[in-house]
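Chemist: The listed protein sequences derive, respectively, from chains A and B.
Once you know that position 239 of the first sequence is 926 in this note's numbering, the rest is easy, because the numbers rise by one and skip nothing.
Once you know that position 326 of the second sequence is 339 in this note's numbering, the rest is easy, because the numbers rise by one and skip nothing.
Worth double-checking, as some hints may not be accurate.
Straight-line C-alpha distance at most 30 Å; calculated BS3-like pairs for lysine-lysine [claimed, not checked]:
#	chain 1	residue 1	chain 2	residue 2
1	B	K85	A	K1006
2	B	K450	A	K899
3	A	K899	B	K442
These are calculated hints, taken from the structure and not from any lab test.
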Amino acid sequence: MNRRQFLFTSGMASAAMMAPGFLLNARPNLFGKYKGKILVVVQLSGGNDGLNTVIPYRDDTYYKLRPTIGIKADIAHKLNDDLAFHPKMIGLNALFDDGLVNVINNVGYPNPDRSHFRSMDIWQTASKSSEYLTTGWIGRLLDAQCPDCAPSYTAIELDGTLSLAMRGEKMKGLALTDPAKTAKLTSLPSIEVSMEHQGDHYDEPQVEYLQKTIVESVSSVRYVHEHQKKWSSTAAYPVTSIGRHLKMVAELIQSGCETMVYYVSLGGFDTHAMQPGTQSRLLEQYSQAVKVFCDDLKAHQKLEDVAILTFSEFGRRVKENAGKGTDHGSANCAFLIGGGLKRPGFTGGLPNLGDLDDGDLKYKIDFRDIYATLLEEWLEIDSQQIMSEKNATLKLF
Amino acid sequence: MTNTRQIIHLYNRAGFGIHPGNVNNRREKSIETLVDDLFEDSKDWTDLKEFEDIRQDNKTVGGLRVLKMILKSKSDLGILNLKWLNKMAADQAQLRERMTFFWHNHFATSEPFPVLMQEQINTMRRHALGNFGELLLQVAKDPAMILWLNNQQNKKSAPNENFARELLELFTLGRGNYTETDIREAARAFTGWSVGKDGYFNKKQKEHDEDEKTFLGKTGNWDGEDIIRFILKQKQTAVFLSTKIYRQFVNPVAEPKRIEAMAELLYSNGYDISGLMKFVLKSDWFYSTENLGCQITSPVELLVGYKRILGIQMKNTNQMLKLQRTLGQVLFFPPNVAGWPGDRAWIDSSSLLLRLNLMNLFQGNTSYTPDEKNLPETPKESDKSKRKSKQSPFLCTMDWQPIEKRLSAMKLSELVQLFIQTDSESFLKRNEGPLSKMNDLKSVVSYLLSAPEYQLN
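Full structure from sequences and hints, please.
Modeler: Okay, structure coming up:
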């Protein structure tokens, strides 16, 4: 090893160690009020059919409109006198019984859009259906906390690309699925040069921006990689993508990684045809993984610090179609899960199948109220900096 | 006598870049001439012709609904995407192709019908350097656009405002320059502008609202053409469009005085796009230091650039689509009608690390492959099958010959200037360590193509 390489290697090592360090001055703002609560978002992509997830098993209209795909009461998991979980949601049912779940029905927004992309954008940016925002609600949370300094690992997405939800004006979250794999991308000679020159002034603003982003990215990736190596969970996570991803989230939480938000997705819910098989398989994957995740956290006294939000971009048409499937709809159910819930149970009442809007459920709970609840009641952050309007909170935490 | 940086700047912005081996033979020419050549090269063009227009053969199938099913099943937009990407890299009409790409982002549409998207992009190419008013009218009659912004549902009995809203907000005037009433009235004027059973534009008279409308203060029995006429009369439309062109072709930071001059010209020449682009590309300020190397290269331009410089061909063409998805820009799939936000929105930790590693990926030095969300997991797909292949999925063939032939005699400082558009002196100073250790051209060029500064043009 020559002198240069040595300097370089040691420079890297200290940069990795320092990663949170040189960003430490940022902390007071971010972590001053922040009490270590963690939000895990589980996004079900493609439009999960809420009516076959939380089944209104006492409603005759439900069975009338869904003669072949309607789920019989005797095989579903009854939650109360009106509602039952999908038969494959054994894990979630157990969590519900333990008082760890709040089922929110009739979630949506005014003038619903039935395009996957558009409706997902609306959910991820927390916009009205008539406005196009280029920042996401979690990205704005990063901006609001510390516009120039929150490290990107403050919000981690378990994916190869970063969703709009995680993009702020100035700050953005970090997307990765395998920190070791991503860490290998940081060993480029040109990146080494950037690291050596961190803190330098550059006359060209875009060059400076890229250099700063590189230094931040490399530090964040290495920080996450270091933490992930610290702890290996022994819980029996299912070998599915959501299982793997939630396992990694649990490991990062248990290793003390200072991440406020984790974002995980499970796709494939666009069940226009032959819905029962597909949805059963996906809900089983979801429910199993979440159950193991919660048990894992509970075993290490972390479940009290974690809230999980599960949503999908829209629900599906009440009436089944000719292909044993359902088409795009609007209002849907969402779940809040965690040890910090003060009010488990139900929010938003029953779905009203007798009062539809062009074949779709009408919304009662604006999804932005759920965000505001998570921001205000859970993370204890003023939601008005992040959401354009004042939203109601649901008094859940 | 034009210098290297100016030449590359012009070709980066008015096209998809220039092969570094072709820079020197342009130096004798003046900027004037180089710009005129670009326009000359764009006089003729070819359409994108991947799919036969099957609408003709299916006129009798029984309605748009059925036709849409046929159109959808016919083929894949991915094929069209790659075809266009290769066209951008190889086409003679670089400026026209670059403008078409601009209009694709301006009138951002994503309908799942390859034949219709092919037609739309060909329409945009035809008018790319023509008259903006004519382009706007053709876009308003474009089947993909009509379906995309729900003008199909815009009927006298129940107007749908989606197209009218975006026409004013995103295509012409911009927010704050019209009222909600203007949107409603414009929507009424476009009632009946729909796609017929045969899949072509059809103005359904019985769905068209024949009553009086008041748009931007003018009352009459207006039709869609009138609305477009009134919009073009507003100087603000010229300002809005000039701002967008300035920010995308010149500098992401708007410069009101220059934009004002552009708008003045565009308005007075009756929205002639060629006239405006000539003015921009021949202006002194287009080449001033603050405008050089200040644009973050979009993923599509970046990939096309690698094709133009190294002729990269991916072994597995689907991976080229995956790369577009991972980098955040897929042709024919803009995120929404507002288009790609661009500039610093291209950059986040993972996309930047991936950009810097592209040469590594193409050269097969790493087996890294990013995971993609929202892909349903099949039960059979186990971890093992994923791990099976260790070879780089992004491996490309490359053509180094022209570079080796024309660049091997060059000094390091000259080489840097051919690839890096930011200040080359400070670049050299920062990078002299690693660069001084390299003794072959390929290593140097690969290094330059992996530098953060290469992300800027």
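Chemist: Taking the hints in turn, state whether each one holds.
Modeler: To see whether the hints hold, each was checked on the structure:
1. B/K85 x A/K1006: Distance of about 24 Å is within 30 Å: holds.
2. B/K450 x A/K899: holds (26 Å)
3. A/K899 x B/K442: Roughly 18 Å separates the two Cα atoms, so the pair holds.
In summary, this structure violates none of the numbered hints.
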